[in-house]
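Asker: Position chain B relative to chain A; hints supplied.
Each protein sequence line maps, in turn, to chains A and B. With numbering that gives the first Met the number 0 applied, the first sequence corresponds to residues 0 to 236, in that order. With numbering that gives the first Met the number 0 applied, the second sequence corresponds to residues 0 to 236, in that order.
Any given hint could turn out to be false.
Beta-carbon label-pair distances, calculated as ranges [unchecked claim]:
| hint | chain 1 | residue 1 | chain 2 | residue 2 | range |
| --- | --- | --- | --- | --- | --- |
| 1 | A | 39 | B | 188 | 50 to 58 Å |
| 2 | A | 90 | B | 94 | 50 to 58 Å |
| 3 | A | 91 | B | 42 | 27 to 35 Å |
| 4 | B | 3 | A | 78 | 23 to 31 Å |
| 5 | B | 67 | A | 61 | 27 to 35 Å |
The hints are simulated quantities; they were obtained by calculation from the structure and are not laboratory data. Every residue gets a Cβ at the ideal spot worked out from N, C-alpha and C, and that includes glycine.
Number of protein chains: 2
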Amino acid sequence: MTLSDVQALTFDVFGTVVDWRTTVIREVSTALAAKGVEADCEAFADRWRFEGYVGGIQAIRRGERAFTTADALHCEKLDELLAGLGSPLDGAEAAELNRVWHRLDPWPDSPGGLGRLRTRFIVSTLSNGNLALLVNMAKHSGLPWDCFLSADLLGHFKSDPETYRSAARALTLEPGQVMMVAAHKADLDAAAACGLRTAFVPRPREHGRISPPDLEYEDRFDFNAADFHDLAAQLGC
Amino acid sequence: MTLSDVQALTFDVFGTVVDWRTTVIREVSTALAAKGVEADCEAFADRWRFEGYVGGIQAIRRGERAFTTADALHCEKLDELLAGLGSPLDGAEAAELNRVWHRLDPWPDSPGGLGRLRTRFIVSTLSNGNLALLVNMAKHSGLPWDCFLSADLLGHFKSDPETYRSAARALTLEPGQVMMVAAHKADLDAAAACGLRTAFVPRPREHGRISPPDLEYEDRFDFNAADFHDLAAQLGC
Chain A
0 MTLSDVQALT FDVFGTVVDW RTTVIREVST ALAAKGVEAD CEAFADRWRF EGYVGGIQAI
60 RRGERAFTTA DALHCEKLDE LLAGLGSPLD GAEAAELNRV WHRLDPWPDS PGGLGRLRTR
120 FIVSTLSNGN LALLVNMAKH SGLPWDCFLS ADLLGHFKSD PETYRSAARA LTLEPGQVMM
180 VAAHKADLDA AAACGLRTAF VPRPREHGRI SPPDLEYEDR FDFNAADFHD LAAQLGC
Chain B
0 MTLSDVQALT FDVFGTVVDW RTTVIREVST ALAAKGVEAD CEAFADRWRF EGYVGGIQAI
60 RRGERAFTTA DALHCEKLDE LLAGLGSPLD GAEAAELNRV WHRLDPWPDS PGGLGRLRTR
120 FIVSTLSNGN LALLVNMAKH SGLPWDCFLS ADLLGHFKSD PETYRSAARA LTLEPGQVMM
180 VAAHKADLDA AAACGLRTAF VPRPREHGRI SPPDLEYEDR FDFNAADFHD LAAQLGC
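Chain A on its own, in the form it takes in the complex (with noise of 0.2 Å):
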């Protein structure tokens, strides 16, 4: 089986897709002043994605929690952070604010190199939000996905191996009919040691104070790409 056997190509999401950094912190810092209160709202944004969402993905990886969607992951942890600054929000504002997630602006280049990719492949996401939140989304930001791959639908986070196995398995396509496009280098790993394809997409501007971002293109992924209309024209669409 080689490159050209491909058929699909798969989307990590936040990060790689939307520009969740940015679209949160503007919409917590709107919630916020509207009532008054101060806040380091970029801190808020990390910690509400790195220990609400991830933190909360890897504990049910672990098997420390039980399996639940990255709505109630988020709903959760924004609970936890308004709380500690005296619960400004009611219930139904509070709610608004949490469904910020299924209306993250996308990177520049995302709807219309997706728009170039899909007249060639089949182009979902493969992503760890939950369906609902990704059909909002892409309603919201005009992604326009052929398909939607989901951990709630596929009952598996990424990166657990059955994830991406399960995504073919929908398709109906061998792992190697099937290319994980992402920004994270942990994601593709994990892809291509259960036979995927890899494409890389470095996104700078993602990660803020917590981490920094995969840069570097790699030769152990099959493509490496500045953004997603470069990926298309390295992929002839």
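Answerer: Structure of chain B alone, referenced to chain A:
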């Protein structure tokens, strides 16, 4: 909860959105004529559909056979039907013919009607077809789905109640926020029993020789519409 709470429309696909019978008869005729085989292609299509696919799903729902996909049920019955004609197709030709179910033509109002409906609602499949089949069909026919819910993703075939309940859960909606759209009253009645709203859209040309299609409007459905444009108009899209 009222009709104005509906946020998502879930559609039966075979017969409601696409004209499986005309497409299958045409492709079977072409494939057999190329081999000089004369056959009753209408009867071939009806047996493929009703004995292979519908009958296979009924056996799975009764627990008489293991869960499998629409693709596999179609393949099994196709092999049997071709054997009855002296197996005129080789393996690759039969596999290609089996994929006719991935390239079914839509009813004329389906692409445009779905496009109108998705301006106000999430429009999703809720089909006993498998994901790859539905995604390929959407690309072939220009069906602008927001997302796909399918038997293989949900682990249940209609009209098992868990199919409708798990569809609402996957959309993070209450059953009463979801409306099932179908040309088949049994599908709508099963959805209504799970708390979903219902819209009936008759497709008089679907059935062929096996059984008469459902045609009469019914007061027990929330909406009765002549086609998807009429449904869009009734829903204010």
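Asker: Of the numbered hints stated previously, which ones are contradicted by the structure, given in increasing order?
Answerer: 3
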